[in-house]
Structures are given as C-alpha cells and as structure tokens.
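Peer 1: Chains as they are written, first to last, in the numbering used here: chain W, 1 to 109; chain H, 110 to 222.
In short, the hints are calculated from the structure, not lab data.
Just so you know, even glycine gets a beta-carbon here, dropped at the ideal spot from N, CA and C.
Take these hints with a grain of salt, some might be off.
What the hints assert, rightly or not - Derived pair list, reagent style DSSO-like, types lysine-lysine, alpha-carbon separation capped at 27 angstroms: (1) H:122 <-> H:164; (2) H:162 <-> W:36; (3) H:166 <-> W:70; (4) W:101 <-> H:112; (5) W:101 <-> H:164; (6) W:101 <-> H:166; (7) W:59 <-> H:122; (8) H:180 <-> H:162.
Claimed, not checked - Chain H side only, calculated, beta carbon under 7 angstroms to chain W, not exhaustive: (9) 151; (10) 152; (11) 207; (12) 208; (13) 210; (14) 215.
Stated by the list, open to error - From chain W, some residues computed to sit far from chain H (all C-beta separations above 12 angstroms): (15) 9; (16) 48; (17) 57; (18) 59; (19) 80; (20) 86; (21) 92.
Each chain is listed here by its residues.
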Amino acid sequence: GQQVMQIPQYQHVQEGEDFTTYCNSSTTLSNIQWYKQRPGGHPVFLIQLVKSGEVKKQKRLTFQFGEAKKNSSLHITATQTTDVGTYFCAGEGNNRLAFGKGNQVVVIP
Amino acid sequence: DVKVTQSSRYLVKRTGEKVFLECVQDMDHENMFWYRQDPGLGLRLIYFSYDVKMKEKGDIPEGYSVSREKKERFSLILESASTNQTSMYLCASSFRGIGNTIYFGEGSWLTVV
Chain W
1 GQQVMQIPQY
11 QHVQEGEDFT
21 TYCNSSTTLS
31 NIQWYKQRPG
41 GHPVFLIQLV
51 KSGEVKKQKR
61 LTFQFGEAKK
71 NSSLHITATQ
81 TTDVGTYFCA
91 GEGNNRLAFG
101 KGNQVVVIP
Chain H
110 DVKVTQSSRY
120 LVKRTGEKVF
130 LECVQDMDHE
140 NMFWYRQDPG
150 LGLRLIYFSY
160 DVKMKEKGDI
170 PEGYSVSREK
180 KERFSLILES
190 ASTNQTSMYL
200 CASSFRGIGN
210 TIYFGEGSWL
220 TVV
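Start from the sequences, fold in the hints, and give me the full structure.
Peer 2: In structure tokens:
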C-alpha cells in the first residue's frame, strides 16, 4: 500500500535557527497536505500542494512539492517557540490519504 | 468555522467493557474518519466512511467497529476493550473527492485498565 515516510522523526532546534522536515512517498501523489499538531492539541491543516515543483510560502514557512510528486519539504526560518509541535505530511494517491508518522519539533529557547 | 466534536475528552474503561466514542461534524461532510495516535507511530487509520451506512476498513481495524447512521455522526465502538487499545483517538471529516482538507476533532484520550 501507499506509504509516506517523514524524516527526521524528532528535531531539537535552537530558537532563531532554521530547520527543514522532509516527506517521501513510495508512489506518485496527486497532492500533499501538511498539518501541525501543537502539544496536547489536534492536527490542524497548514497547506496543500498540487502541482509538480510547486512552492508555497506562509510567512516563515516554505513548502515545496517535488518535480516527480513523490516528495515534499517544509522549511521554517528563524524558528520561534510557537513553532513547537509535530508536523505531519499526508500524501494522496489512489484515492487514499496516507499520513506520515510526523516530525516532532522541540524548540530550545 | 468547521467543528468536529468528540463526545468525551478523557475516558477510563475496564478491560472487556464495550466502549463508544462519538463524533459529530457540522459541515455536511461526506467523509468521516477515525484515527488512532500513539507515540512514534503517527496517525493510523482505523475506519472511514464516505456516506451514511457506508464504511471501509483502514489500516488497523481489528478490535474496532464503526457506525454511521446519520451523515453528521460517526461512532467508533470497541466491542471488548483491551489494554493495548489505550490511546488517543481522533475523529476527522472532509468533503468527498481528491484534495479536500481534513478537519480533526480535539481527540479522546482512552485508558483501558
């Protein structure tokens, strides 16, 4: 079945630094979605990427969808304490949505 | 705002008990989902439903059943709770079709003792 892998699984990031989290699929995706879950909270939709090579920005967050539509990345610049949480990607293919295991991010003040 | 409401935030049940987790959404979404979240394992799909009275198994359906008698309501049933079902359960909903955002409820923390 369709699998979506996220790396790394855990990150400790110094406040003010940049970091990137990656999402890789074994199959070509029709789209990819990113969600953020704050500690103690529930996943909340961040963005969806549909087109090959698409890049979208939300303030300090940059999302990319690979040319082959099999991978994606989320890059955060100037990390803030509010960026703490788990970031999930979810890839859609064959009419099924598969979530990665998430990247848990801890921000060090 | 879309609202997905889970009936219980925290539950403690005994081994062997029948457990009902209820979920209601107010956006007229066709699709509804039940996920289980455990540390290091991410979100695992238990069951989903794309219409009233319709259901499909997800990745880990064993030990669970579901019911969708009304469009807005999707129930997860643990016929005989076991300690390995201690987890956080997330209900979610979305419109039918490709590329629709999934909206999650706040989660139900179930402890089976």
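Peer 1: State for each hint whether it applies.
Peer 2: Hints versus structure:
no. : hint            : in the structure
1   : H:122 <-> H:164 : holds (26 angstroms)
2   : H:162 <-> W:36  : violated (31 angstroms)
3   : H:166 <-> W:70  : holds (25 angstroms)
4   : W:101 <-> H:112 : holds (25 angstroms)
5   : W:101 <-> H:164 : holds (24 angstroms)
6   : W:101 <-> H:166 : holds (19 angstroms)
7   : W:59 <-> H:122  : violated (44 angstroms)
8   : H:180 <-> H:162 : holds (9 angstroms)
9   : 151             : holds (3 angstroms)
10  : 152             : holds (4 angstroms)
11  : 207             : holds (6 angstroms)
12  : 208             : holds (5 angstroms)
13  : 210             : holds (5 angstroms)
14  : 215             : holds (5 angstroms)
15  : 9               : violated (7 angstroms)
16  : 48              : violated (6 angstroms)
17  : 57              : holds (19 angstroms)
18  : 59              : holds (19 angstroms)
19  : 80              : holds (23 angstroms)
20  : 86              : violated (9 angstroms)
21  : 92              : violated (6 angstroms)
Figure legend: structure checked against the earlier numbered hints; hints not met, in rising order: 2, 7, 15, 16, 20 and 21.
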